[in-house]
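Colleague: Protein chains in written order, with this note's numbering: chain D, 1 to 173; chain V, 1 to 801.
Derived by calculation from the structure, the hints in this document are not laboratory data. The reader is advised that the hints may include incorrect statements.
In silico DSBU-like pairs for lysine-lysine, Cα to Cα no more than 30 Å straight-line [said to hold, decoys possible]:
#1 D:K29 <-> V:K128
#2 V:K128 <-> V:K24
#3 V:K69 <-> V:K128
#4 V:K487 <-> D:K168
#5 D:K19 <-> D:K160
#6 V:K495 <-> V:K15
#7 V:K457 <-> V:K441
#8 V:K306 <-> V:K316
#9 D:K29 <-> D:K19
#10 V:K15 <-> D:K168
#11 D:K160 <-> V:K569
#12 V:K339 <-> V:K162
#13 V:K178 <-> V:K316
#14 V:K441 <-> D:K160
#15 V:K316 <-> V:K35
#16 V:K193 <-> V:K15
#17 V:K221 <-> V:K487
#18 V:K15 <-> D:K160
#19 V:K501 <-> V:K35
#20 D:K29 <-> V:K35
#21 V:K495 <-> V:K221
#22 D:K168 <-> V:K69
#23 D:K27 <-> V:K35
#24 V:K576 <-> D:K19
#25 V:K128 <-> D:K160
#26 V:K24 <-> V:K35
#27 V:K457 <-> V:K24
#28 V:K193 <-> V:K306
#29 V:K501 <-> V:K441
#30 V:K501 <-> D:K19
#31 D:K170 <-> V:K35
#32 V:K434 <-> V:K457
#33 V:K69 <-> D:K170
#34 V:K339 <-> V:K495
#35 V:K569 <-> V:K162
#36 V:K487 <-> V:K569
#37 V:K501 <-> V:K576
#38 V:K501 <-> V:K15
#39 V:K193 <-> D:K28
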Amino acid sequence: MAMVFDDLGDEAEEFPVRKIRFAINGKKKMAEIEPRLLLVDLIRRGAELTGTHRGCDTTNCGACTVLVDGRAIKSCTMLAVQVDGREVTTVEGLASASELHPIQEGFRQEHGLQCGFCTPGMMMAAKDLLDRNPDPTEEDVRWALSGNLCRCTGYQNIVKSVLWAAEKLKAEA
Amino acid sequence: MTTTASESRALDEIKIGGLGSSRKRVEDDRFIRGKGNYTDDVVLPGMLHMEILRSPLPHARIKSIDTSKAYAIPGVHLVLTGELMATRNLAWMPTLSYDTQAVLATDKVRFQGQEVACVIADDPYIAKDACEAIEVDYEPLPVIVNPWQGLEPEATVIRDDKVNQKDNVVYNWEVGDKAGTDRAFEQADVISKLECHYPRSHPSPIECCGSVADFNRATSKLTVYMTSQAPHIVRAAVAMVAEIPEHMIRIISPDIGGGFGNKVPIYPGYVCSILASILLERPVKWIEDKTGNLISTGFARDVYLKGEMAMRRDGKILGFRMHTDADHGAFFADAQPSKFKIGLMHSAFAAYDIPVAHLTARGVYTNKAPGGVAYRCSFRVTEAMFFQERMVQAAADDVGIDQAAFRRMNFVHDDDFPHRTPLGFLTDSGQYAKCLDVGLKAIDYDNFRIEQAQARKRGRLLGLGISTMTEPLGAGNSREYDILGIKMFDSAELKVHMSGKAIVRTGAKTQGQGHETTWAQIIAHELGIPADDVVVEEGDTDTAPFGMGTYASRSTPVAGAAVAMAARKVRAKARKLAAHLLEVSEEDIEWELGRFYVRSSPERGATIQECAMAAYSNMPDGMEPGLENTSFYDPPNLTWPFAVYIVTVEVDPETGVWDVLRMVAVDDCGVRINPMIVEGQIMGGLTEAYAMASMQFITFDADGNCVGSNYMDYLLPSAWETPGFELHSEVVTPCPHHPIGAKGIGECAAVGGPAAFVNAVMDALGETGVRNIDMPVLPDRVWEALTYRRDVSGYPPVRQD
Chain D
1 MAMVFDDLGD EAEEFPVRKI RFAINGKKKM AEIEPRLLLV DLIRRGAELT
51 GTHRGCDTTN CGACTVLVDG RAIKSCTMLA VQVDGREVTT VEGLASASEL
101 HPIQEGFRQE HGLQCGFCTP GMMMAAKDLL DRNPDPTEED VRWALSGNLC
151 RCTGYQNIVK SVLWAAEKLK AEA
Chain V
1 MTTTASESRA LDEIKIGGLG SSRKRVEDDR FIRGKGNYTD DVVLPGMLHM
51 EILRSPLPHA RIKSIDTSKA YAIPGVHLVL TGELMATRNL AWMPTLSYDT
101 QAVLATDKVR FQGQEVACVI ADDPYIAKDA CEAIEVDYEP LPVIVNPWQG
151 LEPEATVIRD DKVNQKDNVV YNWEVGDKAG TDRAFEQADV ISKLECHYPR
201 SHPSPIECCG SVADFNRATS KLTVYMTSQA PHIVRAAVAM VAEIPEHMIR
251 IISPDIGGGF GNKVPIYPGY VCSILASILL ERPVKWIEDK TGNLISTGFA
301 RDVYLKGEMA MRRDGKILGF RMHTDADHGA FFADAQPSKF KIGLMHSAFA
351 AYDIPVAHLT ARGVYTNKAP GGVAYRCSFR VTEAMFFQER MVQAAADDVG
401 IDQAAFRRMN FVHDDDFPHR TPLGFLTDSG QYAKCLDVGL KAIDYDNFRI
451 EQAQARKRGR LLGLGISTMT EPLGAGNSRE YDILGIKMFD SAELKVHMSG
501 KAIVRTGAKT QGQGHETTWA QIIAHELGIP ADDVVVEEGD TDTAPFGMGT
551 YASRSTPVAG AAVAMAARKV RAKARKLAAH LLEVSEEDIE WELGRFYVRS
601 SPERGATIQE CAMAAYSNMP DGMEPGLENT SFYDPPNLTW PFAVYIVTVE
651 VDPETGVWDV LRMVAVDDCG VRINPMIVEG QIMGGLTEAY AMASMQFITF
701 DADGNCVGSN YMDYLLPSAW ETPGFELHSE VVTPCPHHPI GAKGIGECAA
751 VGGPAAFVNA VMDALGETGV RNIDMPVLPD RVWEALTYRR DVSGYPPVRQ
801 D
């Protein structure tokens, strides 16, 4: 991301910058970044997509879950340089135009969210599951979401939401 | 004459999203699209970033702080230290419990993670680098990790900053009838005793705390976006502490990623970001990391109980004594609005008919984080109900009476309300025995007991735990509850536009409770305006009426009541407009949902929308135009929901691991505005109850290091561990003093739930003679209890030299 600093003097020369190319929600992007920049910051501050949330910084809570090349990862502990040449999908890429993705619709129908902070990560983890297993059991869903923490709902309705989405997707297929 | 359905033109309340409709949530639309607006999403032009340097030591004198290397890093604008804060009289600030708290340490650090310095830089990465470049020279001091160490005669005085503080005692407080209670114990046939510890816990919303402070020199106005459950209280406090006039302060709570009490207090990070913005005249963003959140912001619980109950041989409770020792950390910063030092601890046993009781409470300073927030409870009610239900279980066993029968025998009866408790509360209503019966039937109580006995013969350990309680929700009334002298009322403002659409603003602040959905339902109920035609706004002190915020399950009892009362004022004016439109006198007008009509000819009527249009275009002579009103609601009492939680478990005798077989919850919270949302609240609470019972706690090693400073050490249950819940809503006792009969519900399950889980495990261990395992009931603790047939304490360790 482009940043203007106060006068850096000679140190500007030493400022390490890497160039990367990647796609986010289908749009091709380039960025000049510090090698230590975390993916979550590239997404939130660089691409200005704030639907991906930072929760714990330690890969535990899953609020920052996005898809990289279709697989769910936690963007708080992945370096941004690692997505060079890869495809990132965030919650903003779930809906097509104005139409909600069945997972989003499921969360709304089954009251699968309260404060909404964990929700984008939950939905991306659910997307990963349903892409691989279109007909999951309740146990499959609970296991697939076990890397995502929610403090509001008690999960029961989140599980229902994902199962609702699975049914909808099957009906659409 | 009765009006048949076909004659009535009243709207179908469920269809318009009124009371009792499980209306889908309005706020979901933005959250599922990733379009929420949380504090960290706020970006302002020219914004700088702040990071906090925290103390690695729990108790140490600060000999020097050298910030020169931090200033040398390009991109660093400012380094705040206690010394600099002191020049502005901001090194210390008042707490909500009339104590003081360090903003940035000056003399010494008093807990691990205490704020020592702040760096403001172009970028959070640079600010973090600069924090590491600050050199602090500490002289370590002896560390106190539990109250017993703190009470030793030679203990180091933690609060040597306070002139009159000669020891580590925060307070001694008592309530009740000591002499009467002593007499009850003298007359008792059986005395049951229990000691236990409610461990330190942390609310730990997934979103940490944060603020974006924006001081505008040109207008002298300070705008702060922040994670606050109570933005108006923050405005009042900032006006007090920072000496900025109140009208020049605008606090905005945008979307909040969970609160649970954690986001009620004022934290040093907020204050530092405000001062930094004033000094630099640029917006300053501070977003806490998870470790900062877990080790420095408001913890909850950490109370030790010595409990005794006096009983007749037949099981009738004659009285009880409780003594609590509370570990308050380094600053007494309980976020609670009562005049009682230990919050509402004395609401214990409110559901039981007990003639006399006495409670003593002592608070102690330790080298731990301050806080004592009401974590999903009304101010120590969680401890009160946990202790109560653990004592009840032990007492029933001691007197040899079945757990359910013992409770039923001692309940306050349905016809005995309002009921004065021995420690001074007035409970409002309930049908306790009926709720218990629903729960017992759902869990198939008698058959479970048979199954349990049979399983035991085969070496399997099954257990059943009951927890029944009523709790005070919805502070205040203003006679007894205030924060910094501000009475605990709440407010709502309703504006009906000429087209009959409306906007409601309240002094509460939703953090997932769904106010944007439910407040509109109250308007639909009161005025017949479809809920979809009502927009709800909260959290901006420049636009919302003054209110005390959302915590302690007070939104529906207080702000929700204010919404109903504001709507009734609007309806009263609409009635005058209807009379004008219908050309009859006001006395000849009747109301049905959505419409006024002429009593003598019901087909002649005016809808609420027609009245709204008339308020702007065709009002009678002399009437003020417009259709809006504001209500400030001071509740006459707390609301008293009742709950029965029953858990069955199986304990593995080899490993101590226990699994929940079933969890039944019967909640009587009066009228449910949106049943779907109420059930969501209950399930969330039950999960936190399970968390505290099974795994979630913050403890400290003997050196005062926090164990539980990240999610690898501070365990929260995921979808995999969390059991399924069976909810029951058959029993509805409307609150007699609430305009729509609703009671608080958000916290019941987190308050009453933990004892059900612990009681179930203790029941499974029934034949071992073990009376108590402290929470969390970890497998190793259960294994220890099973193997050595002894109680297992969770007290933090003490260093042995």
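Colleague: Is the hinted pair K434 (chain V) and K457 (chain V) satisfied, with a Cα-Cα distance of at most 30 Å?
Modeller: 33 Å, violated
Colleague: Tell me if the straight-line CA distance from K441 (chain V) to K160 (chain D) falls inside 30 Å.
Modeller: 26 Å, holds
Colleague: Holds or violated: K170 (chain D) with K35 (chain V), Cα cutoff 30 Å?
Modeller: 27 Å, holds
Colleague: For the pair supplied as a hint, K29 (chain D) and K128 (chain V), confirm whether the alpha-carbon distance does not exceed 30 Å.
Modeller: Holds, because 28 Å separates the two Cα atoms, which is no more than 30 Å.
Colleague: Taking 30 Å as the top limit, are the C-alpha atoms of K193 (chain V) and K15 (chain V) close enough?
Modeller: 54 Å, violated
Colleague: Measure nothing beyond the straight line between the CA atoms of K487 (chain V) and K168 (chain D); if it is 30 Å or shorter, mark the hint as holding.
Modeller: 50 Å, violated
Colleague: Check whether the Cα positions of K339 (chain V) and K162 (chain V) lie no farther apart than 30 Å.
Modeller: Roughly 22 Å separates the two Cα atoms, so the pair holds.
Colleague: Would the hint linking K69 (chain V) and K170 (chain D) be met if the CA-CA limit is 30 Å?
Modeller: 60 Å, violated
Colleague: Keeping to a limit of 30 Å between CA atoms, is the pair of K160 (chain D) and K569 (chain V) held or broken?
Modeller: Roughly 41 Å separates the two Cα atoms, so the pair is violated.
Colleague: Are the Cα atoms of K501 (chain V) and K19 (chain D) separated by 30 Å or less?
Modeller: Outside the cut-off at roughly 52 Å; violated.
Colleague: When you check the alpha-carbon spacing of K168 (chain D) and K69 (chain V), does it fall within 30 Å?
Modeller: 59 Å, violated
Colleague: Given the hint that K178 (chain V) pairs with K316 (chain V), does the C-alpha gap stay at or below 30 Å?
Modeller: Satisfied, since the Cα-Cα distance of roughly 20 Å is no more than 30 Å.
Comparing the model with each numbered hint stated earlier shows that hints 2, 4, 5, 11, 15, 16, 22, 24, 25, 27, 29, 30, 32, 33, 34, 35 and 39 do not hold.
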